[in-house]
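Novice: So in numbering that gives the first Met the number 0, the last spot in the sequence shown is 153, and the numbers never skip.
Do not take every clue at face value.
[As the list claims (entries may be wrong)] Cβ pair distances, simulated, as ranges:
(1) Asn16 - Gly139: 14 to 22 angstroms
(2) Asp102 - Val79: 35 to 43 angstroms
(3) Ala22 - Val2: 28 to 36 angstroms
(4) Arg89 - Ser47: 32 to 40 angstroms
(5) Gly135 - Ile59: 17 to 25 angstroms
[To be verified] Calculated cross-link-like contacts (lysine-lysine; reagent style PhoX-like; alpha-carbon spacing at most 20 angstroms):
(6) Lys126 - Lys152
(7) Lys78 - Lys8
(8) Lys52 - Lys126
These are calculated hints, taken from the structure and not from any lab test. Beta carbons are placed, not taken as given, at the ideal position from N, Cα and C, and that holds for glycine.
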Amino acid sequence: MSVIEDRLKEIGLSLPNPSAPVANYLPAVISGNLAFLSGHVPRNPDGSLIVGKLGDDISIEQGYEIAQQVILSLLSSLKVAIGDLDRVNRIIRLFCMVNATPDFSQHPAVANGASDTLVSLLGENGKHARVAAGMGSLPGGVPVEIELTVELKN
């Protein structure tokens with residue numbers, strides 16, 4: 000098992016089974032030493048979508064946990080694409096889209112669920128550039144969608 004996966008266990012987390020794409024795209028594309036991960040959304044253990052809107056029926060704390068769940072899904076897809084998460088050199092950029100009511104303003108607090116998890120796993124190499132943006136809706140009514148750009152070791 001990889002150092003990163005050992006660290007996941009230490010902090011009480013695990014990778015979910017990767018979800019298959021629902022359209023004509025790839026979950027991850029490798030180009031040179033960069034991995035570009037498509038937007039991932041939160042799912043229940045049975046594979047159904049977690050739905051809701053921040054500022055309405057999803058709290059900031061729940062949003063944080065959902066963003067953490069989505070980053071684990073992204074890491075699962077990344078593992079499939081590269082074979083071993085220890086090939087990750089650093090996280091370059093995280094784009095967190097938050098399905099929120101017009102008056103909701105705590106998008107960064109939701110995105111922290113993903114960012115904090117990456118830093119817990121990778122230390123300084125988990126720190127990244129980030130966008131935390133509010134959206135009027137997201138596919139399937141999910142509360143959070145995240146895409147990720149990762150630099151791989153040579």
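Novice: Each hint: holds or not?
Specialist: Hints and how they fare:
1. At roughly 18 angstroms, the beta carbons of Asn16 and Gly139 sit within the given window of 14 to 22 angstroms.
2. Restraint check, Asp102 to Val79: a C-beta distance of roughly 39 angstroms satisfies the suggested window 35 to 43 angstroms.
3. With their beta carbons about 34 angstroms apart, Ala22 and Val2 fall inside the hinted range of 28 to 36 angstroms.
4. The hinted range of 32 to 40 angstroms is satisfied by Arg89 and Ser47, whose Cβ atoms lie roughly 33 angstroms apart.
5. Gly135 and Ile59 have their C-beta atoms about 18 angstroms apart, which keeps the hinted 17 to 25 angstroms range intact.
6. A C-alpha spacing of about 16 angstroms is found between Lys126 and Lys152, which places the hinted pair at or below 20 angstroms, so the restraint holds.
7. For the given pair, Lys78 sits about 16 angstroms from Lys8 by alpha-carbon distance, which is consistent with the 20 angstroms threshold.
8. Pair hint Lys52 plus Lys126 does not hold up; C-alpha atoms about 27 angstroms apart against a cutoff of 20 angstroms.
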